[in-house]
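All residue numbers for the sequence shown refer to this note's numbering, where the first residue is 1 and numbers rise by one.
If you are wondering where the hints come from, they were derived from the structure by calculation, not from laboratory data. Hints are not guaranteed to be accurate.
What the hints assert, rightly or not - Once the Cα atoms are required to be at most 27 Å apart in a straight line, the calculated DSSO-like pairs of lysine-lysine come out as:
{"hint": "1", "residue 1": "Lys130", "residue 2": "Lys40"}
{"hint": "2", "residue 1": "Lys117", "residue 2": "Lys130"}
{"hint": "3", "residue 1": "Lys103", "residue 2": "Lys69"}
{"hint": "4", "residue 1": "Lys139", "residue 2": "Lys55"}
{"hint": "5", "residue 1": "Lys139", "residue 2": "Lys117"}
{"hint": "6", "residue 1": "Lys69", "residue 2": "Lys117"}
{"hint": "7", "residue 1": "Lys117", "residue 2": "Lys40"}
{"hint": "8", "residue 1": "Lys130", "residue 2": "Lys55"}
{"hint": "9", "residue 1": "Lys130", "residue 2": "Lys69"}
{"hint": "10", "residue 1": "Lys103", "residue 2": "Lys55"}
{"hint": "11", "residue 1": "Lys139", "residue 2": "Lys103"}
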Amino acid sequence: MAIQWCKRLLAKGLSFLLGLCLVFIGMPGAIASIHTYPDKDQQVMYRSLQTLRDKRGQAWQTVFYKRVKDGVVGSLHLRLVGFPGVTELVHPRSLHIVNGTGKAWDAPDVFAASNLKPELGMHVGEYDLKPVIDVLGTKRPLWLEIPLAEATTTIPVPPFAVREWQQVLDR
């Protein structure tokens with residue numbers, strides 16, 4: 001009687017472990033939120049969208065995108081969208097980017113040249129990452145220092161988001 005009970009317990013345990021293995025083997029390592037959109041003039045836009053919080057706890061939408069026409073990258077931008085009435089960005093001021101080793105770069109503010117409505121400038125920033133993206137790396141976090149009217153705020157960007165930006169580049 002005790003032997004049968006042990007055999008059943010062992011069989012159930014092995015079945016459970018096998019089921020777990022099948023579930024985890026079949027799961028993808030990470031699910032990227034990269035989207036492709038046809039754009040005007042035969043362009044294609046590739047976009048990564050993340051919601052990240054700054055050091056004050058405020059949520060920001062980070063939209064990293066590139067526009068491609070005939071295989072040539074036309075623009076590579078990072079759009080930061082803060083909550084209306086809570087954030088007030090200063091234009092034109094560069095976005096200061098610091099990586100995990102302490103190296104820093106400035107991405108130019110291109111909000112004025114974008115097709116966004118001027119009244120959005122209070123809570124939307126648009127920055128050209130084309131000059132700096134190749135040196136940022138993907139294994140370390142980044143810190144985005146955003147110029148606001150009242151002070152500068154910092155958004156920590158985790159490595160998974162930086163890797164997703166790299167995936168946008170690779171498309």
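Okay, the hints, checked on the actual structure:
Our distance criterion of 27 Å between C-alpha atoms is met by Lys130 and Lys40, whose separation comes to about 21 Å. For the hint pairing Lys117 with Lys130, the CA-to-CA distance comes to about 23 Å; that is within 27 Å, so the pair holds. With a CA separation close to 32 Å, the supplied pair Lys103 and Lys69 exceeds the 27 Å bound. A threshold of 27 Å between alpha carbons decides the hint, and for Lys139 with Lys55 the separation of about 21 Å falls inside it, so the pair holds.
For the given pair, Lys139 sits about 35 Å from Lys117 by alpha-carbon distance, which is inconsistent with the 27 Å threshold. Between Lys69 and Lys117 the CA atoms are separated by roughly 24 Å; this keeps the pair inside 27 Å, and the hint holds. For the given pair, Lys117 sits about 18 Å from Lys40 by alpha-carbon distance, which is consistent with the 27 Å threshold. Distance check on the hinted pair: Lys130 and Lys55 sit about 26 Å apart at the alpha-carbon level, within 27 Å; holds.
For the hint pairing Lys130 with Lys69, the CA-to-CA distance comes to about 16 Å; that is within 27 Å, so the pair holds. Proximity of Lys103 to Lys55 is assessed by CA-CA distance (about 20 Å); at most 27 Å being required, the pair is judged to hold. For the hint linking Lys139 to Lys103, the alpha-carbon distance of about 14 Å falls within 27 Å, and the restraint holds.
Violated hints, listed in ascending order, are 3, 5; each of the other numbered hints is respected by the structure.
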